[in-house]
Amino acid sequence: MSDARLKAAEIRHLLETERDAIRENTTHMNRERYDAAARFERYEEARDAARAVKEDAIERLPELIERVRESVEANGGTVYLADDAADANRYIEEVVRDRDAETLVKSKSMTTEELDLNEHLEAAGVDVYETDLGEFVVQVADEAPSHLVGPSLHKSTAAIAELFNAHFDLDEPLETATELTNFARDYLLERIVEADMGVTGANFVLADSGTIVLVTNEGNARKSAVTPDAHVAVAGVEKLIPSVEELEPFTELIARAATGQDYPQYLTMLSPPVDSPTLDFDADVPLSEAAGESDREFHLVLVDNGRTAMREDDQLRETLYCIRCGACANSCANFQHVGGHAFGGETYTGGIATGWEAGIEGLDTAAEFNDLCTGCTRCVNACPVKIDIPWINTVVRDRINRGEDAELDWLVEGLTPDAEPGGMSLQKRFFGNFETVAKLGSATAPLSNWIANAGPARGLMERTLGIDRRRDLPTFERETLRKWFDARGGSRVPLADADREAVLYADPYTNYVQVDRGRAAVRVLEALGVHVRVPEIPESGRAPLSQGMVATADERASAVYGALAEHVDAGRDVVVVEPSDLAMFRREYEKLLPERSYERLSENSYEVLEYVYGLLENGADAGALADGDGRTIAYHSHCQQRTLGLDAHTEAVLDARGYDVLSSTVECCGMAGSFGYKAEYYELSMDVGGDLKSEFAAHPDREIVASGTSCLEQLDALFDEGTRHPVELLDPKRT
Amino acid sequence: MAVQPQTEFEAALRRQGSSWTRTTSDAFAAAVTEAIETPAVATDLSDWGLDFGDAPVTVDPTPRELLGATTGVTGASLGVSSYGSLLLPSDAKGTEPVSLYPERHVAVVSESDVVEDVPAAFDRLGDEFAEGPKSAVFATGPSATGDMGALVYGVHGPKAVHVIVLTDR
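Top to bottom, those sequences are chains W and Z. In this text, residue positions in the first sequence follow the numbering used here: the first is 98, and each later residue adds one. In this text, residue positions in the second sequence follow the numbering used here: the first is 38, and each later residue adds one.
No lab work stands behind these hints, which were simulated from the structure alone. For every residue, glycine included, the Cβ atom is placed at its ideal position computed from N, Cα and C. It cannot be assumed that every hint is accurate.
What the hints assert, rightly or not - Derived EDC-like pairs: lysine to aspartate or glutamate, alpha-carbon spacing no greater than 20 Å straight-line:
| id | chain 1 | residue 1 | chain 2 | residue 2 |
| --- | --- | --- | --- | --- |
| 1 | Z | Lys196 | W | Glu287 |
| 2 | Z | Lys196 | W | Asp283 |
| 3 | W | Lys790 | W | Asp283 |
Stated by the list, open to error - If you only want the chain W side, here are some residues facing chain Z, beta carbon under 10 Å, derived:
| id | residue |
| --- | --- |
| 4 | Lys252 |
| 5 | Thr308 |
| 6 | Asn314 |
| 7 | Leu364 |
| 8 | Ala380 |
To be verified - Far from chain Z, by Cβ distances over 10 Å, these chain W residues were calculated:
| id | residue |
| --- | --- |
| 9 | His110 |
| 10 | Ala149 |
| 11 | Thr175 |
| 12 | Arg187 |
| 13 | Val192 |
| 14 | Asp195 |
| 15 | Ala221 |
| 16 | Arg319 |
| 17 | Lys320 |
| 18 | Glu443 |
| 19 | Leu544 |
| 20 | Gly556 |
| 21 | Gly586 |
| 22 | Val665 |
| 23 | Ser699 |
I would like the entire structure built from these sequences, with the hints used as guidance.
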């Protein structure tokens, strides 16, 4: 089977086996997260503070490592800085051997997963028990964690019961979550009581005081750390922050972001060796006397394993700010459907995993799942430390593209006037150069549409470009938006009579495919007294960027800015129909253009209904637009439109014009640009779309309206009817 | 219990499903007797001027007694009104294990040690760390897990928390 077919088969298997449990758990945590953020007045303030602490700490990392070494040693513990996994494992094994430890208990630690510490110690003859119940489940099942916070959340209660009933010798089979929890608690209590050593991770390490901070809900880290008299804490070097002063915002954010709790059940701060008495259950001595006798041993193992190189890498550095809350996974539609066994690498899962796996394991590991990030940006708003996770995914995709072998480049020659080196995926080059494809498709329409949709052509496209033959292709219009606009003699609002002047950005979809929404946009703006221009402006760079073609996107950004700068300087507003293009201007261009250019363009660009909203707020006559007359619609906003906070404008305008608007609560349609066309992801795309389909299918009498091109294509595929853009509903010439 | 919360702290305790008693140092032993389920163990609170009197608790237990106990009684050095959190010091008398192992935790806090919110708690903590490294845990409600597919209380830590608020301290 081809790679694409293998990937499709893997995804199909996970959709069948793990999807239901993952979706239920992640969507629940995601809803709780929204609520928890809304309850917290200082949410944005805390995010900014946490971000600043991490930026500073990573900047000063070498200094903090030295400081924590001094403070831990002053407390009576030991610090070991491990270069890589083998080094860390070797050191921990030495500690175990020096203590003659036979059994050890562990609390949840992704860093020890990264090291494969359990496997290493078990090979050395040590019995290792995971005490976090989720980790315990995956340990018993001999599976990899599927989520940063909920390692076993791909398993239902029934699946865990089946696992335990088969694995343990039980008098009565277990059934309910309470029974399973009680059994695991009692089983693990015995292991904790007899353990020779405790191993924990650390959510934060306070350099000044040598303090390990652990965040748990179960209490297992507390027990594992202080019951045995030897404690090894394993942490990536990026967990260091200066002192308890900097800890506060993280404590308010981490549980909210992870599970939607206001505060963790247990926030443990240990500056070991601690005064707490060790518990020797065979000795008949009161606790207070045992405390005096105990001889506690503490080792802090700080793991580098690629992190120093990540710190020096301008693009991957941000990954080190991650506090591993899993919010990027919970907020991601693809993750909600396939989980971390597809959307993850050796250790880490979800959107941020691309950064971690690229830095720790290398590009090959990141390449296996990186395409599951569609760049929708919902995780950007979810991340408590404001990491631009889609950007990390894009950059890594770019690096993967540059590493691939060249073979079939001749197939897309001429269609791909990009700035990319030979050798990158043919499929990515094709989608990255959509503007050229669209231009050619339009010039030769309708012939191009017939040929493209004919059976033999679809087979060829599937084999060479990986375009799934089950997906309808866009239908190119012979008369482009710009031709139509020129043919009607330009703007019908003379400049002298105009209240404002605007440039309508004719993106390739609006110009060549969804021409109706472009015409409607022109008429709507004119009805509100705007003199409209539709100049030729290059594609925004969204298409190549989504394929990881950063150099091409960078060239496009410069070209777009060059073409729009004079208009902006002339006081013309830039009006954008396609939300993903507006998101380029407002977000990604910050990374692609000089700061002043970015500011000028982003400040003067508007999503079309955002612009209409602004015109109406400033006194334009709403009566000039079509009257909704109480008609009922089902509206689906676009991912990037939502994260930019612009969905409300569309809803408000439609509502003001008398439409009865029902907005989708399902945030993602599953299409995501080229994603849903790709043969390996078509079924996942349709599965994600199924959520939106269920929601809208309950309202068959409502007309379906969507702002994004991709959403519109997906909704057409799901409902088999003509989905329209909201601006078409306001078109005074609407028939 | 049908007691109405009189303070923000108590309202937060109610939200997390914990119960509480308002009492004074003089009536401490009686409050403990009412709050515990036997067998019960406790850390020594004589340095707070508190006497367990004839309350049926084993003060300063052995690890075996701790393991067999249903209730553990400890002091909390701080309460946080916004979330009902308690700061439990990791001290030599065993506040950490006594608050953790039994399925019911009875925490004793002075009302004057209850601060408004997390930033205020961290101000206090910052002062303490300024004197030297500290070990303590913020405990907020009972131990909980969702790992078995539904929310269950009482995993490795207590299933229920009761707070005795000393109004005269």
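Here is how each hint holds up against the structure:
Of the supplied pair hints, the one linking lysine 196/Z and glutamate 287/W holds, its CA atoms being roughly 18 Å apart against a limit of 20 Å. In summary, the hint linking lysine 196/Z to aspartate 283/W is supported, as the alpha carbons are separated by about 14 Å, within the 20 Å threshold. Proximity of lysine 790/W to aspartate 283/W is assessed by CA-CA distance (about 45 Å); at most 20 Å being required, the pair is judged violated. Using the Cβ-Cβ criterion of 10 Å, the hint placing lysine 252/W at the interface with chain Z is satisfied: the shortest such distance is roughly 7 Å.
The beta carbon of threonine 308/W comes within 6 Å of a beta carbon in chain Z, closer than 10 Å, and the hint placing it at the interface holds. At about 5 Å, the closest approach between the beta carbon of asparagine 314/W and any beta carbon in chain Z falls short of 10 Å, and the interface hint on this residue holds. A hinted interface residue such as leucine 364/W counts as satisfied when its beta carbon comes closer than 10 Å to some beta carbon of chain Z; here the least separation is about 4 Å, so the hint holds. The closest approach between the C-beta of alanine 380/W and any C-beta of chain Z is roughly 7 Å, which is under the 10 Å cut-off, so the hint is satisfied.
Chain Z leaves histidine 110/W outside its interface by the beta-carbon criterion, the shortest separation being 21 Å against a cut-off of 10 Å. Even its closest Cβ contact with chain Z, about 16 Å, leaves alanine 149/W beyond 10 Å, as expected for a residue assigned away from the interface. Against the 10 Å criterion, threonine 175/W stays outside the reach of chain Z, whose nearest CB is about 15 Å from its own CB. For arginine 187/W, the requirement that its beta carbon stay farther than 10 Å from each beta carbon of chain Z is met, with the minimum near 29 Å.
Residue placement check: valine 192/W keeps its beta carbon more than 10 Å from all beta carbons of chain Z (closest about 21 Å). With a least CB separation of 24 Å from chain Z, aspartate 195/W remains clear of the 10 Å interface cut-off, as annotated. No Cβ of chain Z comes within 10 Å of the Cβ of alanine 221/W; the nearest lies about 26 Å off, and the non-interface call holds. A cut-off of 10 Å between C-beta atoms contradicts the statement that arginine 319/W is not in contact with chain Z; the least separation is 6 Å.
Against chain Z, the non-interface label of lysine 320/W is violated: not every CB pair exceeds 10 Å, the least being about 5 Å. The beta carbon of glutamate 443/W is kept farther than 10 Å from every beta carbon of chain Z, the shortest such distance being approximately 22 Å. Interface exclusion of leucine 544/W from chain Z stands, the closest Cβ pair being 56 Å apart, more than 10 Å. With a least CB separation of 44 Å from chain Z, glycine 556/W remains clear of the 10 Å interface cut-off, as annotated.
Every CB of chain Z lies more than 10 Å from the CB of glycine 586/W, the least distance being 64 Å, so the non-interface label holds. Once the 10 Å rule is applied to beta carbons, valine 665/W is consistent with being away from chain Z; the minimum gap is 43 Å. For serine 699/W, the non-interface assignment is confirmed: its Cβ lies about 34 Å from the closest Cβ of chain Z, beyond the 10 Å cut-off.
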